[in-house]
Amino acid sequence: MDTKKKSKEHGLYRIVNAIGYAFGAGAVGGSVYHFVRGAYNSPIGARYVGGTQAASMNAPRLGGTFAVFGGLLSTFDYALVRIRKKEDPWNSIVAGAATGGVLSIRKGVVAASTSAVMFGFFLAVLNPPFGSK
Amino acid sequence: MAINRSSDHESDENTRLYHPYQNYQVPIKSQYLYKLPTSPEFLFTEESLKQRRSWGENLTFYTGTGYLAGSVAGASAGIFSGIKSFENGDTTKLKINRILNSSGQAGRTWGNRVGIVGLIYAGIESGVVAVTDKDDVWTSVVAGLGTGAVFRAARGVRSAAVAGAFGGIAAGAVVAGKQVFKRYAHI
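Protein sequences appear in the order of chains Y and C. Using the working numbering, read the first sequence as starting at 1 and increasing by one per residue. Using the working numbering, read the second sequence as starting at 134 and increasing by one per residue.
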C-alpha cells in the first residue's frame with residue numbers, strides 16, 4: 001500500500017484529490033452545520049424548512065471556499081516539491097503563505113502581505129518545521 | 134558505543150563472522166532476503182486482478198474532477214455571456230467587471246452542481262460495488278440512477294424519477310462510449 005500511495009502522491013492526481021476532499025468536506029460539513037443552525041433559529045413547526053433553507057443557501061458557498069483553498073494550497077505545495085525536489089514542512093508553510101496572499105490580492109498589497117504572513121504562521125503551527133522528529 | 138578501529142575482522146585470527154544459516158541447508162540465498170518487491174503483495178490472486186481505486190480515492194477523485202470540470206466549463210460559458218452583455222458606452226473597467234461577474238457566477242454555480250453529483254455518484258458506486266462485488270456497466274447505470282434520484286429528491290417524486298432515469302441512461306451511455314473508445318482508439 002505504501003508503494004501505491006507513493007506513486008500517486010507525485011502527480012497532478014494529488015491536486016484533484018485535494019480539491020475533491022476539500023469540496024466534499026466543506027459541502028457536507030457545511031450542510032450539516034447550517035441545517036442544525038437554521039433549525040435552531042426557526043420557530044416550532046417550521047424547523048425542517050428553516051434548516052433546509054439555511055443549508056441550501058450557505059453550504060455551496062462554504063464548499064466553494066474550501067475547494068478553492070484546498071486546490072490552491074495543493075497546487076503551490078506541488079510546485080514547491082517540483083522546484084525544491086524536497087519534502088519538508090517548509091513546503092506547506094510557503095504554500096500556505098502563497099495561498100493566503102493570492103486569495104487576498106484583490107484587497108491590495110498590504111492586506112495580501114498580512115494575510116500571507118498569517119496563513120504562513122497558521123501552517124507553521126500545524127506543521128512545525130523545527131519540531132521533535 | 135566506542136568503535137575499535139584497530140580491529141579488522143578479516144585479519145583477526147581469533148574471530149570469524151557469524152553466519153546464522155551455517156549449519157542448515159536452506160535453499161534461500163542471502164540476496165533474496167534483502168531484495169523486496171516494490172509491487173503490493175496480495176493474499177489472494179483475485180485481488181491483484183482488480184484495477185480500481187479504493188472507495189476513499191474514488192470519492193475524492195470524482196468530487197475533485199467534477200468540481201474542476203464544472204468550474205472551468207461554467208467560467209468559460211460565463212465569459213461569453215459576459216461579452217454578449219456589453220452595452221454602448223461601457224468603459225474598459227465596466228467590460229472587465231461584466232466578464233468577471235458572469236464567469237465567476239457561472240463557474241461557482243456549475244462547480245458546485247457537478248461536484249455534488251460526483252460526490253453522490255462516487256458514494257453510491259462504491260456502495261454498489263461493495264454489496265454486489267462486481268463492477269460492470271450495470272453498476273454504473275445503478276449508480277447514475279441513484280445519483281439522479283438523490284440529486285433531485287427535494288423537488289418531488291416525479292422530478293426525482295425523471296432525474297434518476299436520465300442519470301441511469303447518461304451513466305450507461307458514458308460507460309458504453311468509454312468501452313467503444315478503448316476498442317477503437319487503443320489508448
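Simulated from the structure, these hints should not be mistaken for lab results. Among the clues, some could well be false.
[Unchecked claim] In silico DSS-like cross-links for lysine-lysine, where the CA-CA straight-line distance does not exceed 25 Å:
no.	chain 1	residue 1	chain 2	residue 2
1	Y	K107	C	K226
2	C	K228	Y	K107
3	C	K217	C	K228
[Unchecked claim] Far from chain Y by the CB rule (all over 10 Å, computed), these chain C residues:
no.	residue
4	F177
5	E190
6	T196
7	S209
8	K217
9	E220
10	N221
11	K228
12	G244
13	N245
14	A287
[Stated by the list, open to error] Looking from chain Y toward chain C, a few residues come up when the C-beta cut is under 8 Å (computed):
no.	residue
15	N17
16	G20
17	F23
18	P43
All values derive from a computational prediction rather than experimental measurement. All C-beta atoms, glycine included, are put in the ideal place defined by N, C-alpha and C.
Here is what the structure says about each hint:
{"no.": "1", "hint": "Y:K107 - C:K226", "verdict": "holds, 17 Å"}
{"no.": "2", "hint": "C:K228 - Y:K107", "verdict": "holds, 20 Å"}
{"no.": "3", "hint": "C:K217 - C:K228", "verdict": "holds, 10 Å"}
{"no.": "4", "hint": "F177", "verdict": "holds, 16 Å"}
{"no.": "5", "hint": "E190", "verdict": "violated, 7 Å"}
{"no.": "6", "hint": "T196", "verdict": "violated, 3 Å"}
{"no.": "7", "hint": "S209", "verdict": "holds, 17 Å"}
{"no.": "8", "hint": "K217", "verdict": "holds, 25 Å"}
{"no.": "9", "hint": "E220", "verdict": "holds, 24 Å"}
{"no.": "10", "hint": "N221", "verdict": "holds, 28 Å"}
{"no.": "11", "hint": "K228", "verdict": "holds, 18 Å"}
{"no.": "12", "hint": "G244", "verdict": "violated, 7 Å"}
{"no.": "13", "hint": "N245", "verdict": "violated, 4 Å"}
{"no.": "14", "hint": "A287", "verdict": "violated, 7 Å"}
{"no.": "15", "hint": "N17", "verdict": "holds, 4 Å"}
{"no.": "16", "hint": "G20", "verdict": "holds, 3 Å"}
{"no.": "17", "hint": "F23", "verdict": "holds, 5 Å"}
{"no.": "18", "hint": "P43", "verdict": "violated, 21 Å"}
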